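Protein chains: 2
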Amino acid sequence: METAGGYENQYRVPVPPSKPFLKSLQTSLKEAFFPDDPFRQFKNQPTRRKLLLGLQYFIPVLEWAPRYTFHFFKADLIAGITIASLAVPQGISYASLASIPPIIGLYSSFVPPLIYAMFGSSRDLAVGTVAVVSLLMSSMLGKVVSPTGNPKQYVQLVFTATFFAGLLQASLGILRLGFLVDFLSHATIVGFMGGAATIVCLQQLKGMLGLVHFTRETDLVSVLRSVFGQIHKWRWESAVLGCCFLFFLLLTRYFSKRKAALFWINAMAPLTSVILGSLVVYLTHAEKHGVQVIGNLKKGLNPPSVSDLAFRSPHLMTAIKTGIITGIIGLAEGIAVGRTFAMFKNYHIDGNKEMIAFGMMNIAGSCTSCYLTAGPFSRTAVNFNAGSRSLVSNIVMATAVMLTLLFLTPLFHYTPLVVLSSIIISAVLGLLDYEAVIHLWKIDKFDFYVCLAAYLGVVLGSIEIGLSIAISVSMLRIILFVARPRTAVLGNIPNSGIYRSMDQYTIANNVPGILILQIDAPVYFANASYLRERISRWIYEEEDRLKSAGETSLQYVILDLSAVASIDTSGISMLEQLMKNVDRKGLQLALANPRSEVMKKLDKSNLIDKIGKGWIFLTVGEAVSACNFMLHTCKSTRVAVEHNAQDSNV
Amino acid sequence: METAGGYENQYRVPVPPSKPFLKSLQTSLKEAFFPDDPFRQFKNQPTRRKLLLGLQYFIPVLEWAPRYTFHFFKADLIAGITIASLAVPQGISYASLASIPPIIGLYSSFVPPLIYAMFGSSRDLAVGTVAVVSLLMSSMLGKVVSPTGNPKQYVQLVFTATFFAGLLQASLGILRLGFLVDFLSHATIVGFMGGAATIVCLQQLKGMLGLVHFTRETDLVSVLRSVFGQIHKWRWESAVLGCCFLFFLLLTRYFSKRKAALFWINAMAPLTSVILGSLVVYLTHAEKHGVQVIGNLKKGLNPPSVSDLAFRSPHLMTAIKTGIITGIIGLAEGIAVGRTFAMFKNYHIDGNKEMIAFGMMNIAGSCTSCYLTAGPFSRTAVNFNAGSRSLVSNIVMATAVMLTLLFLTPLFHYTPLVVLSSIIISAVLGLLDYEAVIHLWKIDKFDFYVCLAAYLGVVLGSIEIGLSIAISVSMLRIILFVARPRTAVLGNIPNSGIYRSMDQYTIANNVPGILILQIDAPVYFANASYLRERISRWIYEEEDRLKSAGETSLQYVILDLSAVASIDTSGISMLEQLMKNVDRKGLQLALANPRSEVMKKLDKSNLIDKIGKGWIFLTVGEAVSACNFMLHTCKSTRVAVEHNAQDSNV
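Protein sequences, first through last, are from chains A and B.
Per the numbering used here, the first sequence starts with residue 1, numbered consecutively.
Per the numbering used here, the second sequence starts with residue 1, numbered consecutively.
Take every hint as true, because none was put in to throw you off.
Subject to a maximum C-alpha distance of 30 Å in a straight line, what follows is the list of computed DSS-like cross-link-like pairs (lysine-lysine):
id, chain 1, residue 1, chain 2, residue 2
1, B, K580, A, K345
2, A, K43, B, K580
3, A, K547, B, K30
4, A, K23, B, K547
5, B, K445, A, K23
6, A, K442, B, K580
7, A, K580, B, K345
8, B, K345, A, K610
9, A, K50, B, K547
10, A, K257, B, K580
11, A, K580, B, K43
12, B, K30, A, K445
13, B, K30, A, K580
14, B, K43, A, K547
15, B, K206, B, K257
16, A, K547, B, K345
17, B, K299, B, K152
18, A, K257, B, K604
19, A, K43, B, K585
20, A, K353, B, K580
21, B, K580, B, K610
22, A, K445, B, K23
23, A, K30, B, K547
24, B, K442, A, K604
25, A, K604, B, K259
26, B, K610, A, K442
I should point out that these hints are in silico values taken from the structure, not numbers from a laboratory.
Bear in mind the structure is a predicted one, so any value in this text is a computation, not a measurement.
Using the sequences plus the hints, can you model the full thing?
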């Protein structure tokens with residue numbers, strides 16, 4: 001059958017010429033790993049220029065530094081000092097969250113920002129330590145080595161984990177596997193961050209209540225048991241001081257939120273709290289009445305820590321695992337933050353390049369007594385609002401931190417831990433993004449449940465459990481989409497040759513004697529059997545409907561393959577079986593708009609000839625015209641077929 | 001913007017009315033778990049009839065037994081005796097493969113076929129033990145308990161594993177999770193079975209060469225080392241006998257393959273070999289010259305084995321794991337075989353019902369000294385060719401095996417093990433399906449590599465490794481499809497309002513000033529960033545092309561969403577960002593044919609209003625008409641927009 005029984009097809013669906021396997025592999029690899037075509041700018045350039053462009057590609061500072069002006073510097077200086085005033089108290093606070101000496105938190109705000117300023121491609125990102133990652137470090141590493149019992153070994157593990165996090169980040173970037181980060185969906189991140197913020201706040205009850213012993217577990221039940229199990233040890237001095245500062249910090253946050261120009265109130269509040277708190281303790285000698293203070297901080301810059309990387313430790317696997325998880329979370333947050341602010345200023349961020357920058361900064365950090373850093377949202381927002389123009393603001397911040405390390409550390413001696421707790425709480429409360437949760441609920445219930453699963457997993461189980469639950473549920477959705485694709489019956493939109501889903505378009509009408517089905521996903525092994533069953537059901541349901549309505553019996557089944565972008569061998573067998581089934585019922589199968597890959601495989605499996613070239617159409621409209629033509633002019637030719645059909649139905 | 005700048009849309013894309021969440025959940029659950037609508041026949045029936053139909057649904061024998069005739073029985077009798085002659089030697093052989101006493105192999109051909117005859121929905125399936133599953137049992141359970149050192153405990157573990165396999169199979173059926181079996185793609189099964197056949201053959205070198213000690217590992221390297229490490233222990237008597245019988249069996253197989261009517265030659269050959277082999281040994285007393293024989297077999301029917309189920313064994317987890325893996329493989333083969341033969345006779349097999357039948361038969365089997373049974377392809381093919389009409393042939397086979405158990409077991413005393421090895425080899429050689437491999441290579445290279453990975457994994461690693469590699473690679477393909485969906489530029493097919501991919505249709509032409517992009521997959525978190533980057537690249541590539549060709553500059557970007565069946569919140573944000581980007585470049589975004597779910601979410605997120613209702617079209621053709629209308633009649637209105645664009649590009 002070259003043509004459908006006398007009907008001459010108006011358009012031909014071509015079989016694509018077969019490409020050599022290597023060529024098509026190359027094309028798909030390029031599409032998969034270089035969707036942004038980074039080599040574009042190198043085309044048709046002299047070799048010297050290519051070299052320069054290559055250097056600029058890997059070290060973006062070379063690209064923008066020559067264009068840097070004094071005008072920009074003034075803006076960056078203000079922004080840099082602003083974020084430094086945030087970086088110092090946050091660095092100390094988050095270090096306590098990671099159960100490491102506070103000085104390491106300061107070290108971590110010195111070297112990494114300098115490295116990022118060289119390699120980063122964002123203009124607004126403010127580098128620093130991250131609350132969630134800090135907590136994750138302490139909860140994962142604290143399980144194998146006690147931070148209080150064996151502080152030296154614990155700190156070594158922290159550096160080692162940081163090293164592996166950096167290594168992972170850099171490798172992901174170099175291997176262009178950045179898309180792996182995309183598998184952490186927005187819903188997952190919202191739920192996960194919310195859960196992490198909740199447990200971080202709960203952990204701060206230790207500092208707020210002045211407790212000395214506290215559980216190492218992070219789940220709700222353990223923490224509450226730990227808090228209420230030692231009511232008699234609560235210290236009211238600590239609690240009062242903490243609540244005052246928390247109230248102060250939340251108040252400043254509230255004002256800053258109402259007016260963007262008041263961002264500096266929020267930015268300066270932590271440092272103000274630290275200074276006020278230290279003064280209060282110094283003057284009242286509260287450290288002798290149950291208010292714990294930081295104590296001595298060593299003066300001086302970051303000591304090298306290459307020899308502390310514990311590659312031979314028996315806990316190396318734990319360090320690697322911690323590095324992988326914290327590294328990915330750091331990346332996910334950092335890249336999302338970078339992209340958000342890049343959108344405001346309309347420039348582009350290259351995810352893979354960012355990963356390399358993050359990786360370099362953490363590898364360098366792990367060798368200079370820093371722990372894991374990323375691009376926290378809060379600090380970046382302050383940087384942005386303070387009017388930063390480039391990464392020079394990070395350099396200014398690093399310089400300010402350096403000066404602090406060299407001269408000002410003794411001033412933190414009397415800083416009460418409870419102020420640090422208040423700072424942490426007020427910072428992570430911003431991670432409880434209830435508006436995003438409402439948005440998820442409104443738009444996509446499934447995403448909402450993913451988010452909820454992540455939140456509950458983190459709060460009731462552990463950070464790792466929450467993360468793995470959320471990722472599995474998200475993946476399940478993708479798998480389910482492919483395993484159970486939708487099929488829809490199409491009908492004619494009146495006064496047109498257009499065919500659309502009858503569910504969606506209530507005005508669409510059935511075409512007598514013809515069933516038009518649309519398949520909404522690639523046909524793969526995972527859904528081939530399902531589709532066969534579902535399509536059979538559509539056919540007998542339509543036959544039943546026509547019979548009970550006393551209409552023309554079914555003669556043609558048209559499959560609209562517009563949305564079938566891909567097919568595998570199981571899919572091809574499914575089509576073959578379907579054709580046989582349809583044939584046996586005395587019906588004729590027609591295909592509409594098969595895509596290039598489907599045509600290629602139909603051709604290779606000789607299925608085109610079995611279906612008949614004339615039964616493959618460019619559009620559903622044409623397929624219907626052909627079927628109608630046959631129905632009305634060639635009724636006699638179908639008698640034999642129907643006779644056969646009756647035979648096989650007996 | 002209600003209409004696109006003066007252009008009146010011809011068709012409206014409706015926003016589907018929002019359904020209550022529970023209602024839509026119910027619909028999707030029904031689609032996911034009951035695609036074949038099994039309740040259809042119950043509709044509008046009186047209660048009594050409903051009960052009868054329900055019983056018949058769960059116990060299909062009630063449905064077909066009343067219609068059974070003597071005419072059918074004659075056919076089934078012949079088929080039943082034929083498969084019994086295959087079942088007895090195969091039962092004994094496969095039991096040796098599973099390292100259990102040969103009598104259990106016979107037991108397993110008695111009870112399970114009777115149970116399956118009641119619950120099964122296939123008419124042609126011949127129940128029996130399976131080579132691959134037998135080997136898997138011995139390789140997995142043999143690792144924790146030695147079959148020779150502690151035979152009693154080993155057999156208990158085998159029964160326990162069988163019990164859990166049955167439990168899993170029945171639960172999958174009852175929970176309607178049958179689709180999980182579909183995740184074993186055809187390519188995976190071909191590679192896996194080929195690999196298993198290879199290692200089963202290699203294992204038989206033990207029997208063929210009369211070796212007493214042999215490795216428990218199944219991989220190529222270990223087996224070859226074991227074989228060539230003890231060359232001095234090879235027994236030529238055994239080898240000669242084995243090769244003769246193997247030659248005989250392969251010869252009969254060759255003849256049967258050439259002519260379907262000669263199927264009985266192949267079916268009778270194993271029994272003939274057993275009889276001949278036993279006679280030779282009995283007459284020559286070869287058992288005293290290095291030819292190992294079966295020895296004593298107990299007379300009598302299956303003893304109960306409920307008390308042997310070792311639920312308190314320390315190796316319970318291994319038994320459960322073995323049960324899960326063997327159960328799934330048994331199911332996958334059994335259902336595929338059932339479906340294949342059902343297609344020949346044009347009846348339908350309900351996968352979930354089959355699973356319940358398999359489960360019942362294995363649970364019952366594990367309580368009556370049987371090990372795992374399924375529906376092997378070879379035996380079913382013989383049954384089919386012998387003209388079976390119903391599952392009564394299984395009952396006949398079971399009766400014949402019963403008679404053997406009661407009276408004929410002593411006859412197997414002198415049966416040489418080497419004959420069993422020949423029977424196994426000739427049976428599993430049929431699993432090396434090189435034609436299917438060539439088919440895979442021709443049609444889908446990716447499927448071919450999946451198949452190869454499964455084969456190499458099994459042969460070089462272990463059965464479990466092969467299986468998990470193949471499944472992961474298959475899943476990776478699905479994930480990659482979703483993570484890296486194709487996008488294509490559409491062009492106009494001359495003399496029509498049809499737009500198709502310019503790659504596929506070389507006759508398609510660009511539309512001046514308009515870029516039409518098609519997205520080929522649902523937009524999910526896993527691909528949202530990729531799509532944003534890829535679409536941006538399409539836009540700047542088109543702008544470059546137009547600039548260098550000196551054509552009309554780009555004004556409109558039309559997204560054809562026909563193939564976007566689903567979208568999540570990340571996808572919605574992606575569209576929102578894309579709209580902003582396009583806007584910033586001074587271009588206008590239009591959407592064509594958004595599907596019902598996309599429209600719903602566009603509406604809920606207020607994105608419809610942001611894009612403008614007038615910029616959402618039913619077809620690409622109409623979108624292009626609207627853009628052209630604007631381009632030619634309203635040029636002046638765009639000047640302002642372009643001006644803005646220049647500003648923001650600076």
